[in-house]
Amino acid sequence: MYRCISLATISAVGLTDRYYPNKLRRLNMVWWIWALIILVIILTIAFFGARRK
104 MYRCISLATI SAVGLTDRYY PNKLRRLNMV WWIWALIILV IILTIAFFGA RRK
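Quick note: the sequence shown uses the numbering used here, first residue 104, plus one each step.
To be clear, the hints were calculated from the coordinates, so they are not data collected in a lab.
You can trust all of the hints, since none of them are fake.
If you anchor each label on the Cβ, the simulated ranges turn out as follows:
1. 153 to 132: 29 to 35 angstroms
2. 106 to 140: 15 to 21 angstroms
3. 117 to 153: 26 to 32 angstroms
4. 110 to 150: 15 to 21 angstroms
5. 135 to 155: 27 to 33 angstroms
6. 114 to 152: 16 to 22 angstroms
7. 132 to 155: 30 to 36 angstroms
For glycine and all other residues, C-beta sits at the position ideal for the given N, C-alpha and C.
Please construct the entire structure, taking both the sequences and the accompanying hints into account.
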């Protein structure tokens, strides 16, 4: 599960860096926002998946 989270975070950061390179350097918060959003989504999916089983 932690591997999925880290991979998703890295891919989100990579996408953000690719499309918004200048903004990412100015606003480092973009990285944290992406990471938090994806972390919450993955944790929610994992939580409901574990509950169903």
